[in-house]
Amino acid sequence: DQQVKQNSPSLSVQEGRISILNCDYTNSMFDYFLWYKKYPAEGPTFLISISSIKDKNEDGRFTVFLNKSAKHLSLHIVPSQPGDSAVYFCAARAIQGAQKLVFGQGTRLTINP
Amino acid sequence: NAGVTQTPKFRILKIGQSMTLQCTQDMNHNYMYWYRQDPGMGLKLIYYSVGAGITDKGEVPNGYNVSRSTTEDFPLRLELAAPSQTSVYFCASSYEGVSTEAFFGQGTRLTVV
Numbered sequence: 779d780q781q782v783k784q785n786s787p788s789l790s791v792q793e794g795r796i797s798i799l800n801c802d803y804t805n806s807m808f809d810y811f812l813w814y815k816k817y818p819a820e821g822p823t824f825l826i827s828i829s830s831i832k833d834k835n836e837d838g839r840f841t842v843f844l845n846k847s848a849k850h851l852s853l854h855i856v857p858s859q860p861g862d863s864a865v866y867f868c869a870a871r872a873i874q875g876a877q878k879l880v881f882g883q884g885t886r887l888t889i890n891p
Numbered sequence: 741n742a743g744v745t746q747t748p749k750f751r752i753l754k755i756g757q758s759m760t761l762q763c764t765q766d767m768n769h770n771y772m773y774w775y776r777q778d779p780g781m782g783l784k785l786i787y788y789s790v791g792a793g794i795t796d797k798g799e800v801p802n803g804y805n806v807s808r809s810t811t812e813d814f815p816l817r818l819e820l821a822a823p824s825q826t827s828v829y830f831c832a833s834s835y836e837g838v839s840t841e842a843f844f845g846q847g848t849r850l851t852v853v
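Quick mapping for you: the protein sequence lines, in order, are chains A and B.
Just so you know, we're using my numbering here: the first sequence kicks off at 779 and counts up by one.
Just so you know, we're using my numbering here: the second sequence kicks off at 741 and counts up by one.
Hints were generated in silico from the structure; no laboratory data involved.
All values derive from a computational prediction rather than experimental measurement.
A hint or two may mislead.
[Claimed, not checked] In silico lysine-lysine, DSSO-like type, Cα no more than 30 Å apart, as pairs: (1) B/K797 <-> A/K878; (2) A/K849 <-> B/K784; (3) A/K834 <-> A/K846; (4) A/K783 <-> A/K849; (5) A/K832 <-> A/K846; (6) B/K749 <-> A/K783; (7) A/K846 <-> B/K754; (8) B/K754 <-> A/K832; (9) A/K846 <-> B/K784; (10) A/K834 <-> B/K784; (11) A/K832 <-> A/K878; (12) B/K797 <-> A/K849.
Make a model of the complete structure from these sequences and hints.
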């Protein structure tokens, strides 16, 4: 049972345009959400996070939106740059204090010049 | 400036062999984690530790063991390697649990034949 789903395995966006990566979840007990980025042959790196008490968090070119009623979050990258080409994972924490994250399958983002 | 260091980077094991994946961090983080990533899938938590001397099971602990005798080191032991353990393994650490930024090692690609 996949509690965190990234339904788009890949996404291709032109440089300078907006990239929107989506993530759906099923567990209403998730209280914290994170996005990680991964380049080939490297470990994931943290990008941005959001608590379930918020609906938006922004950090430079990256904004995460949370729609609790739809159990949906999205990551917006504006403007997209070639260095943003990577695999993006969303992850969720089930309850406060727990040390377990549930990860989605990842979306491969390709930024075309 | 090493961060999280994993060794080895690659390993081929025969069925039934054992090995230890090493992980060390120099950021004085209390929390450490072991994940595995299978092709096309997200990361799954194997074991985690909230401090020296304390470990707990994650989502997929069967076939693995860990220890945490120091803050810096968190080795992962495979006792009887099976083909199902073919995966990429990532060690990570964080200062205050999974809702904060985790720093990942570069990964160990393990093949069991």
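Notebook entry, point to check: Any hints this thing doesn't respect? Which numbers, in order?
Noted result: 7, 8
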